[in-house]
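Q: As they're listed, the protein sequences go chains Z and W. Quick note: the first sequence, position 172, residue 172 per UniProt numbering, numbers continuous. Quick note: the second sequence, position 24, residue 24 per UniProt numbering, numbers continuous.
Just so you know, these hints were derived from the structure itself, not from any lab. Check the hints yourself; a few may be wrong.
Taking CB as the label site, the calculated pair distances span [as the list claims (entries may be wrong)]:
id: 1; chain 1: Z; residue 1: G185; chain 2: W; residue 2: Q25; range: 49 to 55 angstroms
id: 2; chain 1: Z; residue 1: G66; chain 2: W; residue 2: M1; range: 26 to 32 angstroms
id: 3; chain 1: Z; residue 1: A64; chain 2: W; residue 2: T23; range: 21 to 27 angstroms
id: 4; chain 1: W; residue 1: V12; chain 2: Z; residue 2: R75; range: 51 to 57 angstroms
id: 5; chain 1: Z; residue 1: G51; chain 2: W; residue 2: M1; range: 34 to 40 angstroms
id: 6; chain 1: Z; residue 1: R137; chain 2: W; residue 2: T23; range: 29 to 35 angstroms
id: 7; chain 1: Z; residue 1: R137; chain 2: W; residue 2: C15; range: 22 to 28 angstroms
id: 8; chain 1: Z; residue 1: K54; chain 2: W; residue 2: L7; range: 41 to 47 angstroms
Positions of the beta carbon are idealized from the N, C-alpha and C atoms, including for glycine.
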Amino acid sequence: MDTLTLASELTGRPVVTLGGDLVAEVKDTVFDGLAGRITGFTLNGRGLLAGPLKESLPWSAVHALGRNAVMIPGREALAEPAAVLPPGKDTGGAVVGIRVLTDAGREAGTVRDVVVEPDGKVAGFQIVAADALDHRRRTVFIPRDEALAASGQALVVSDDASRFVAQDLPSFTAQVENFRARRAGHPVGKEHP
Amino acid sequence: MAWWGWLILAVVVLCLVVAALMTIQLRRRSGTVIAVQRRGRRMGKGGA
């Protein structure tokens, strides 16, 4: 698996065309809670004084999600906001701060951030652990289960996934692979106690 | 009040106005992570 990134770190990342033009900066990262994939970004204009743009960037138009910039083929890749956020009041909600429950009904904590792969897939979540998961209530990373999504006001993760938590992103990469191998029915490496 | 008193007051007021405007602008530009579902149903806070 390639390098994982926190979605919050994408905010402010410049959007650059393959021709070298800096056209915008990332504002919000939008992902599909069911599919577990980034669907696109809302955008800010360039510079501190610029406000949010009326255009958005669908994930399908992203050429590459790099460490220092989001590359797009050209300015024509930008689309109307509805391409990323469905219109209407109930289009989407911020996930930071919502409760995390396991499919066994255990409180796992609250969402702090979302961990994404370079291909736009959501690998897991950074959460502030609840007592049941970590009595020291540390910030940990927990893998996303392909089969689970979200209820109304909470994120649901697999109870099994709570045994694959990691303290940092580098070790989380291995835990995600272990978790996926377990879900696929293959032998796994070390589980977190 | 002496003229320099008014000057200091004006500078302080100007700084407060600039700070307020910068706060508003930073909030406008701040980003978050938004979850949507395929059918457009809300997933996050206050969702249906």
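Q: With reference to the structure, classify each hint as holding or not holding.
A: Structure-based check of each hint:
1. Z/G185 with W/Q25: 49 to 55 angstroms: At 52 angstroms between Cβs, range holds.
2. Z/G66 with W/M1: 26 to 32 angstroms: The hint (26 to 32 angstroms, Cβ to Cβ) is violated, given that Z/G66 and W/M1 are roughly 57 angstroms apart.
3. Z/A64 with W/T23: 21 to 27 angstroms: Once the Cβ atoms are compared, 34 angstroms apart, the range 21 to 27 angstroms for W/T23 and Z/A64 is violated.
4. W/V12 with Z/R75: 51 to 57 angstroms: Given a distance of about 44 angstroms, which is not inside 51 to 57 angstroms, the answer is violated.
5. Z/G51 with W/M1: 34 to 40 angstroms: holds, 39 angstroms
6. Z/R137 with W/T23: 29 to 35 angstroms: holds, 30 angstroms
7. Z/R137 with W/C15: 22 to 28 angstroms: violated, 39 angstroms
8. Z/K54 with W/L7: 41 to 47 angstroms: holds, 42 angstroms
Hint compliance for this structure: hints 2, 3, 4 and 7 are not met, and every other hint is.
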